[in-house]
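Protein chains in written order, with the numbering used here: chain A, 1 to 587; chain B, 1 to 398.
For the record, the hints were derived by calculation from the structure and aren't laboratory data.
Keep in mind that a hint or two might mislead.
[To be verified] The calculated lysine-lysine pairs, modelled on DSS-like cross-linking and capped at a C-alpha distance of 27 Å, are:
hint, chain 1, residue 1, chain 2, residue 2
1, B, Lys203, A, Lys339
2, A, Lys312, B, Lys203
3, B, Lys158, A, Lys179
4, A, Lys381, B, Lys76
5, A, Lys353, B, Lys263
6, B, Lys68, A, Lys216
In this text the structure is predicted, and so the values were computed from the model without any measurement.
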Amino acid sequence: MEYTGAFGEILQLQSDGRKHLPFQRLLMLIVAVAAVIFLAGCKGDKPTGSPSAPAKAKKQTSKEHHTLELLFTYGSEKQAWIEEVTAQFNSEGRVTGSGKRIRVKAMPMGSGESIEGILSGRIKAHLTSPASAAFIKLGNAESQAKTGKDLVGATQNLVISPVVIAMWKPMAQALGWGKKPVGWSDILELARHPKGWATYGFPQWGTFKFGHTHPKFSNSGLISLFAEVYAGTGKVSGLTVEDVTDPKVGEYLEGIERTVVHYGRSTGFFGRKLFHNGPEYLSAAVLYENMVIESYSPKFDLPFPVVAIYPKEGTFWSDHPAGIVDRDWVTPDHRDAAKMYLDYLLDRPQQEKALKYGFRPADVEIPLASPIDPEHGVDPKEPMTTLEVPHVQVMEAILSVWKARKKHAEVVLVLDSSGSMKSQGKMKQAKEGSLRLLEMLGDDDRFSLLPFNDTIVWAIQGSLLREGRPKALQAIQSLFPSGGTAFYDAVDQAQGYLNDRTTHDRILAVVALTDGLDKNSRMTLDRLLKVIRTEGEAKTVRVFTIAYGSDADKKVLRAISDATQVTSYDGTPENIRKVCLDISTFF
Amino acid sequence: MTEPPKLTLAGKIVVLFIIGGCFLGAYYFFFYRKPVLQPAAPVQSEKAAKAPEAGLVEIGIAYGTEKKRWLEWAVKEFAETKDGQRIKVNLIPMGSLEGARAILSGDRRITVWSPASAVYKDVFVQEWTGKHGSNPIIKEENLALTPMVFVMWEERYKAFINKYQNLSFKTISRAIGEKGGWVAIAGKPEWGIFKFGHTNPNKSNSGMMALVLMAYDFHDQCQGLTLKDILNVDFQNWMQDLEMGTSGMLHSTGPMMRDMVLKGPSTYDAIFVYESLAIDYLKNAEGRWGTLKVVYPEKNSWNDNPWYLIDASWSSPDQRDASNRLLEFLMSEPIQKQSLVHGFRPGNPNVPVKFPDSPFVRYEKYGIKVDLTTVCEPPKAEVINNLIGSWLRYQRPK
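This is chain A alone, in the form it adopts within the complex (with noise of 0.2 Å):
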């Protein structure tokens, strides 16, 4: 009634075109309205009263309560088409059987490390794709082992692509491709041979620079020397655990490891260093076919095109396969959401978009067309053979003689230990991220340890850790933050200590964490950035650079890293620790 009464006096208050109403007219009008308004926006929800702070949280609940999240990990090398259909699915606002709205969370990753991380349980994904199937393979053969269950199970293929040498086309054209058939044993062997290139009369090509990525970590890693194992014996199929644990097996494998360059967390990041670099940084690598494609875009200034030699022996598919994860964190609604998300992938549309990113679709009715094609440096028409993929006891044995034969590294950490690493825990969390990259590097590896404030002093030099991983582990236990910042004085001192040692044995990195601006050093930055730049075969010394905390200078450390070809990284007490892991991947 009062309402009313508000309302009938308000029209003819306006028709009486008064300009100003009285507060309390108006303020009873205002509350009026606003319970209609309230009331009405409260119908048909619980009776909770009004939209106090409890009922906002309540709100909040249900919110969650209506969400689920589906954690996917993939294999990098297909992030551009998953970020694309999944933001596409993910604003569809699908639902599961029981209602709730899916939300996929797709993180991109190295294969073995995804596999590795769902094992320990570290990382809780809800559904993973790795780039083949035999990532899924000594994944439920671990899993076996530990709980008699598997991690995947059944898969369905995402897309295809062959697993093949991406080369320069001048040097594939010198090794005879367009006009006969290469294969891995003719790469392997140019990459034995000491004289390089010049056996091919292009002296002025160097050696030949190789590389894959890092196996445990990454598919294309592991099939390259599934590869070079199977050149090694001369076989195609029926590889044993006693042909690669033959001596002359080993020898050919270490011949051909000595080549690589350095490893790498995935075959994504790999084939872009690639192509950013130049042939005076890789001569080939071991990438997929879609990655080739990838380098046509116009984003890559090439010197020249790159283009696939699908090796005569036979080679890999990297097949994609993706399955639902075996573990307690999988509910029934985790997997029907997995299933629509599936599906979504598998149909048409999502899977002719795939075809735009290189890949081959998984859905046989879509034919193959451009950007597969030769215009692209790539032939539709091959593989014309596979080489067959090893049995679980084969992979570990191939992995255990590649930890042998491999190209070993030496590593020099340079370290700030100047005083503002008192702060936030910066020294403590430092110093962890140091012993685990010290875990990760293998007992025949060497390794220094330079510590820096406003002097420079070694407190570990050269030492195999075969015998010094204690006194390492020690030494950067060790450590206490005081004094200036003397950093690039420090690099310096570790790559001439390195660059003294030039050897194509051994991978060759300085590993440089500060924390801020330097201002102690007798070297200036431009001095710093031309004694260490990678000069071909003369200087190798790569420089990783950390930027650690807000105080770095980032642009002055990206600078010193671009400089050596290799990556900088940003650095906090948080992610230190997955930093120094992934910096370990090129070792």
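Please arrange chain B on chain A, whose structure you already have, making use of the hints.
Then chain B, alone, in the frame of chain A:
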């Protein structure tokens, strides 16, 4: 008249804040909560679309994936019918033998078993009868028929025939045994080793059919395969050599045919599958790798895609009635005609196979034909069990 009590400025501000809060609250309820509650809406409408819950009957069909494309289409069509409104059909893809084993171990989801052929029927009936003392099959009908075929990439088929004159298990065995593979067969080192594939005989009907027809081929007979024939040392050695060089071994035939078309001759030169699958994928293969050649083994066998309604304690009279209604629908002429599109020979004799637009006429150039040379007799349960047992013994770890 006394002046009504007036609010101070601060009081007015406080009141305005409260009112503002009310508006914000109302705004939140009106506009923001919509996305929060949105997910529930489609579920409600989905439930509404599923016909009344009361009277809904759910049935499960364990079927071989060779029928996947046809059955999935047919079940969608069935859902549009009056019966389909109250019958929910769950298609459970399983290798033919996996289906039998699931029923024997009491998988309550299964009302009907529809393997690719009747070849495992005797073994299934024997094991069920031993366990329950009665015949497990209440009703049976053949949905559609299809024989076995070799499928090979045409270019490689021509090179193969040039060397061996015909394509059979005997010549495949010779090709697998060639040192150097295609170098020895056709002077083509780039084709690698000779890669032949069939499915896992311990999981899938077509894999078992491969072993049966291998045995008939070796012994050059088409009926009366005995235990003695299987245990024959020469046959055992020959089969072992052949099988050690065979790849694939997937659990189901549909995915294997798809794999051949997806990965091309790099993965399989030839495989042994159902004619229906070959027909279904001929066009897809051309869009990917090129032309396929279909070759019928001289000694062949029918896969009749039987429909077995199971006398299981867990299936109700309503479910059995629902299964019969679905069967009636599947055997109707329009649905049977569609099976032709997917390469099957209809189980309903009223539906013709040979007419101008039939795949059996259109695909003659690929080697498809209607008449088979010789159809062999399905062996007894003990022969089948021993064939699988022999095969299992020499499987190396994969």
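Hint-by-hint comparison with the structure:
no. : hint                   : result
1   : B:Lys203 with A:Lys339 : holds (24 Å)
2   : A:Lys312 with B:Lys203 : violated (34 Å)
3   : B:Lys158 with A:Lys179 : holds (24 Å)
4   : A:Lys381 with B:Lys76  : violated (37 Å)
5   : A:Lys353 with B:Lys263 : holds (19 Å)
6   : B:Lys68 with A:Lys216  : violated (38 Å)
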